[in-house]
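Asker: This is what each chain is made of:
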Amino acid sequence: MTGWRPRSALPGFGLSLGVTLLWLSAIVLLPLAALALRPWELGVASAWESVTQPRVLAALRLSFGAALAAAALDVPLGLLIAWVLVRYRFPGRRLADAMVDLPFALPTAVAGVALTALYAPNGWVGEPLGASLGWRIAFTPWGVLIALVFVGLPFVVRTVEPVLRDLPAEAEEAAATLGATRAQALRRVVLPALAPALLTGFGLAFARAVGEYGSVIFIAGNLPMLTEIAPLLIVIRLEEFDYAGAAAVGLAMLVLAFGVLLAVNAAQRRLRPWARA
Amino acid sequence: MARRLALLAALLVLAVLFLLPLVAVFAEALRRGWDVALAAIAEPDALAAISLTLLVAAIAVPVNLLGGVAAAWCIAKFDFPGKRLLVTLVELPFAVSPVISGLVWVLLFGAHGWLGPWLQAHGLRIVFALPGLVLATVFVTFPFVARTLIPLMQDQGREEEEAAATLGAGGLQTFFRVTLPNIRWALLSGVLLCNARAMGEFGAVSVVSGHVRGQTNTMPLHVEILYNEYQFAGAFAVAALLALLALVTLGAKALLERLAGRQAGAAG
Amino acid sequence: MTAGLGVDVAGLTRRFGAGRPALHGVDLAVRQGEFVALLGPSGSGKTTLLRILAGLEFPDAGRVRVGGRDMAGVPARARGVGFVFQHYALFRHMTVFENVAFGLRVRPRARRPAEAEIARRVRDLLALVQVPELERRYPEQISGGQRQRVALARALAIEPPLLLLDEPFGALDAQVRKDLRLWLRGLHDRLGITTLFVTHDQDEAMAIADRIALLRDGRVVQFDAPEALFEHPADAFVAGFLGDSNRLPCVVAGGLACFAPLPLPGMATSLPDGPALAFVRPGALLAAPGEGAVVQGVRHDGRALHLVVAAGGRMLEAAPAPGWDAPRRGDACALSIAEARFFAAQQ
Numbered sequence: 001m002t003g004w005r006p007r008s009a010l011p012g013f014g015l016s017l018g019v020t021l022l023w024l025s026a027i028v029l030l031p032l033a034a035l036a037l038r039p040w041e042l043g044v045a046s047a048w049e050s051v052t053q054p055r056v057l058a059a060l061r062l063s064f065g066a067a068l069a070a071a072a073l074d075v076p077l078g079l080l081i082a083w084v085l086v087r088y089r090f091p092g093r094r095l096a097d098a099m100v101d102l103p104f105a106l107p108t109a110v111a112g113v114a115l116t117a118l119y120a121p122n123g124w125v126g127e128p129l130g131a132s133l134g135w136r137i138a139f140t141p142w143g144v145l146i147a148l149v150f151v152g153l154p155f156v157v158r159t160v161e162p163v164l165r166d167l168p169a170e171a172e173e174a175a176a177t178l179g180a181t182r183a184q185a186l187r188r189v190v191l192p193a194l195a196p197a198l199l200t201g202f203g204l205a206f207a208r209a210v211g212e213y214g215s216v217i218f219i220a221g222n223l224p225m226l227t228e229i230a231p232l233l234i235v236i237r238l239e240e241f242d243y244a245g246a247a248a249v250g251l252a253m254l255v256l257a258f259g260v261l262l263a264v265n266a267a268q269r270r271l272r273p274w275a276r277a
Numbered sequence: 001m002a003r004r005l006a007l008l009a010a011l012l013v014l015a016v017l018f019l020l021p022l023v024a025v026f027a028e029a030l031r032r033g034w035d036v037a038l039a040a041i042a043e044p045d046a047l048a049a050i051s052l053t054l055l056v057a058a059i060a061v062p063v064n065l066l067g068g069v070a071a072a073w074c075i076a077k078f079d080f081p082g083k084r085l086l087v088t089l090v091e092l093p094f095a096v097s098p099v100i101s102g103l104v105w106v107l108l109f110g111a112h113g114w115l116g117p118w119l120q121a122h123g124l125r126i127v128f129a130l131p132g133l134v135l136a137t138v139f140v141t142f143p144f145v146a147r148t149l150i151p152l153m154q155d156q157g158r159e160e161e162e163a164a165a166t167l168g169a170g171g172l173q174t175f176f177r178v179t180l181p182n183i184r185w186a187l188l189s190g191v192l193l194c195n196a197r198a199m200g201e202f203g204a205v206s207v208v209s210g211h212v213r214g215q216t217n218t219m220p221l222h223v224e225i226l227y228n229e230y231q232f233a234g235a236f237a238v239a240a241l242l243a244l245l246a247l248v249t250l251g252a253k254a255l256l257e258r259l260a261g262r263q264a265g266a267a268g
Numbered sequence: 001m002t003a004g005l006g007v008d009v010a011g012l013t014r015r016f017g018a019g020r021p022a023l024h025g026v027d028l029a030v031r032q033g034e035f036v037a038l039l040g041p042s043g044s045g046k047t048t049l050l051r052i053l054a055g056l057e058f059p060d061a062g063r064v065r066v067g068g069r070d071m072a073g074v075p076a077r078a079r080g081v082g083f084v085f086q087h088y089a090l091f092r093h094m095t096v097f098e099n100v101a102f103g104l105r106v107r108p109r110a111r112r113p114a115e116a117e118i119a120r121r122v123r124d125l126l127a128l129v130q131v132p133e134l135e136r137r138y139p140e141q142i143s144g145g146q147r148q149r150v151a152l153a154r155a156l157a158i159e160p161p162l163l164l165l166d167e168p169f170g171a172l173d174a175q176v177r178k179d180l181r182l183w184l185r186g187l188h189d190r191l192g193i194t195t196l197f198v199t200h201d202q203d204e205a206m207a208i209a210d211r212i213a214l215l216r217d218g219r220v221v222q223f224d225a226p227e228a229l230f231e232h233p234a235d236a237f238v239a240g241f242l243g244d245s246n247r248l249p250c251v252v253a254g255g256l257a258c259f260a261p262l263p264l265p266g267m268a269t270s271l272p273d274g275p276a277l278a279f280v281r282p283g284a285l286l287a288a289p290g291e292g293a294v295v296q297g298v299r300h301d302g303r304a305l306h307l308v309v310a311a312g313g314r315m316l317e318a319a320p321a322p323g324w325d326a327p328r329r330g331d332a333c334a335l336s337i338a339e340a341r342f343f344a345a346q347q
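Protein chains in written order, with this note's numbering: chain A, 1 to 277; chain B, 1 to 268; chain C, 1 to 347.
Pulled out of the complex, with its shape left as it was, chain A reads as follows (with noise of 0.2 Å):
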């Protein structure tokens, strides 16, 4: 009966097992498993039409085309701030370095409001790009991208960041001394050893994004087959009381994000030759 269970002379291991699988059961096992379960109540033909009406396409296409594209944008941003930080001494870097973690600790809703008062038409951003340029940020695709885009900023920053400071300066060095220029160092020797953080940085801003809701919603305008982000849709079906549908649209999203998320790790492999066994 004990033969699976390590034989340790640590104490707590049954107690603190029992705990966890306690804890993960009830708190995200079970729920879990209604939303899998739930779409195909009403049959799979009506599960399968709830998540393809156009309203609802249209929804899962801005959530996941703005959150990939948010993440692509993230990378570089993220890499330069990541770089700054790691690289440069200069006054206010701890500040600076605290504040790339705001978007973890702020309410989504408070960022959501923010964003929307710089944004808006009449904002402090919004005024002077809609009278200079004729540019509509918020409520327009172009003000969920920027909402994603400062969600997920930081999780590329810190996924960076460990790996640029192990970074060893003799790799750079040898290769100046191998006589590459600055430009061929960065990119024959910095960027490859970056890419594997940079894709998994990629995919948890993607992650991130996908399903954020708070700081989208007030910037977004929420228009049908506009401006429609798919958690959005979510909370109208339960407003609906259609919860199939709800759920329906909920275990797609997962779907499709679990899916994104493969390809990512995929790709991660194939970057990493050194790491396959």
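Hints were generated in silico from the structure; no laboratory data involved.
Quick caveat, the model's predicted, so the values are computed rather than measured.
Be a bit skeptical, because a hint or two may be false.
What the hints assert, rightly or not - Only pairs whose alpha carbons sit at most 16 Å apart, straight line, appear in this in silico EDC-like list of lysine to aspartate or glutamate: (1) Lys253(B) / Asp166(A); (2) Lys178(C) / Glu204(C); (3) Lys253(B) / Asp97(A); (4) Lys178(C) / Asp201(C).
Unchecked claim - The following residues of chain C were derived to be distant from chain A, with all beta-carbon distances above 12 Å: (5) Glu34; (6) Ala76; (7) Arg120; (8) Leu128; (9) Gln141; (10) Phe223; (11) Ala253; (12) Cys258; (13) Gly266; (14) Gly323.
Think of the CB as a built atom: it goes at the ideal place given N, C-alpha and C, for glycine as much as any other residue.
Given chain A's structure and the hints, the job is docking chains B and C onto it.
Answerer: Relative to the frame of chain A, chains B and C by itself:
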């Protein structure tokens, strides 16, 4: 030259993307003066939202503290089959949309949920009431503590605990005298982040709350209601309070990291 | 201190996952008060054996007795065995004093000494390990050698009948290492606690142990006094592991070992026919002016000349034959064997 440019560009991104919204919150909150802002916070519905938020966090954070420490202990200090799966499951809530984190509870306990009719028959309410808010918040903040502790405790290994065992220490003695002092700063930092998210969570609680003013409205939900009613001064006043909480959290986290760094640096 | 208790291990087997077991039927009987080295290459199972004795690891089969008491089912914390970890495992958030006092402070109240008594015992122990001035320092503020002494004091605080040390000098510089091992031997002679220590350094084991258990692939190959191991190795592994002999493959036919293609004369041996290995100490491989080998290196260590000679495509360690006073690099020479130990080659 290139260095200057890179530094400038990075600071510009940080300023526009992060600093500007923060400034906007406080500026909007104070646009019509301190009095208006303070009045918006002192208003009964706002006070009810504040106390509800504190109550939810006061329940959710200890639950996840306990679960997180238990998970970190068995994952970091023991080897057993299925460990990697367990790590993935513990982190799962981070990969789930906050709205889905609320939705799952409605599917279980809502009026048309699996257990909804039974709950109704017994006069119990979970969704659109405090228990639902707590459950959704626990789900969303589930991984914070475990995630901060696991890498650190794996790094520290088992030797100190083994040494305590050979010296005759029991399980609780080992945990409180040897393990806990080694992880205290990380634990505190995990609790802080967990708390910040618990108080600031919007999507998940929005789904399970029902938005009953003065009853099931937390601070972030209160911001939304005021904002949608065009009471911008009030919305931004409450938002500013939440932003202040975020700033305090970030400051405390930075401080804890320096303390932990000093501890680790001294040990290395 | 109390008189030490002996250790009796029989049929001990431990397997980690699939593959070769870490321990494979180990038998070992250590007399009380003995100072024993567990010696072997890395992966030979010596640390696993030590951890099983302490109750930190569990055997799949076999039995452990300490002082006649069966240790099956006795958890580490109830064994009262002193254990010094390779990297010391000092509690980093406690001072040296608190580290040493730990084992006394965690006792159940009925058996816990008063705080004044604890303080007295801790100070005695710190004096015993010769670091009384460090009591308020933290582990990271003291040197490796000092940490080793503190770890030892911490293990001794619980008055163990058995002391186990895992690579006690492994993490130290060469000089500190030599000083500390002689000091440890002296301490053992004063306290008389049965002590087992793990090492992969044969000099260390030879220098201080009463007896050495030589382990290989999870088995005790030979358990004997240092001189006996050296003079009467049980097999080719022991002979090869101890000392720095030349390992010369040969073929035995009709009682004569033939070294071809090495330019060495045949030697009489009692081994049966077949492939064999000869172990020849550098001092027993003699080089004299002649043909067949070339001197590649000459080193004088203050007492004698040592040669490296190239012969038959190999480098061998040799000594000049009596009378050859000034061999030089590049000199041609002939080799002969004064003494060799033969073992049948293992399949």
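Asker: Now tell me, hint by hint, if it's right for this structure.
Answerer: Checked hints:
1. Pair hint Lys253(B) plus Asp166(A) does not hold up; C-alpha atoms about 22 Å apart against a cutoff of 16 Å.
2. With a C-alpha separation of about 8 Å, the suggested pairing of Lys178(C) with Glu204(C) holds against the 16 Å cut-off.
3. As the CA atoms of Lys253(B) and Asp97(A) are separated by approximately 11 Å, the hinted pair is consistent with the 16 Å bound.
4. Of the supplied pair hints, the one linking Lys178(C) and Asp201(C) holds, its CA atoms being roughly 12 Å apart against a limit of 16 Å.
5. Every CB of chain A lies more than 12 Å from the CB of Glu34(C), the least distance being 25 Å, so the non-interface label holds.
6. Ala76(C), annotated as away from the interface, has a beta carbon of chain A within 12 Å; the closest lies near 4 Å.
7. For Arg120(C), the non-interface assignment is confirmed: its Cβ lies about 30 Å from the closest Cβ of chain A, beyond the 12 Å cut-off.
8. Residue-level check passed: Leu128(C) sits 27 Å from the nearest beta carbon of chain A, beyond 12 Å.
9. No beta-carbon of chain A is positioned within 12 Å of the beta-carbon of Gln141(C); the least distance is around 26 Å.
10. Non-interface call for Phe223(C) relative to chain A: holds, since the shortest CB-CB distance, roughly 26 Å, exceeds 12 Å.
11. The claim that Ala253(C) is not at the interface with chain A holds, since no C-beta of that chain comes within 12 Å of its own (minimum 48 Å).
12. Chain A leaves Cys258(C) outside its interface by the beta-carbon criterion, the shortest separation being 46 Å against a cut-off of 12 Å.
13. A cut-off of 12 Å between C-beta atoms confirms that Gly266(C) is not in contact with chain A; the least separation is 50 Å.
14. Listed as outside the interface, Gly323(C) is consistent with that label: its C-beta sits roughly 55 Å from the nearest C-beta of chain A, beyond the 12 Å cut-off.
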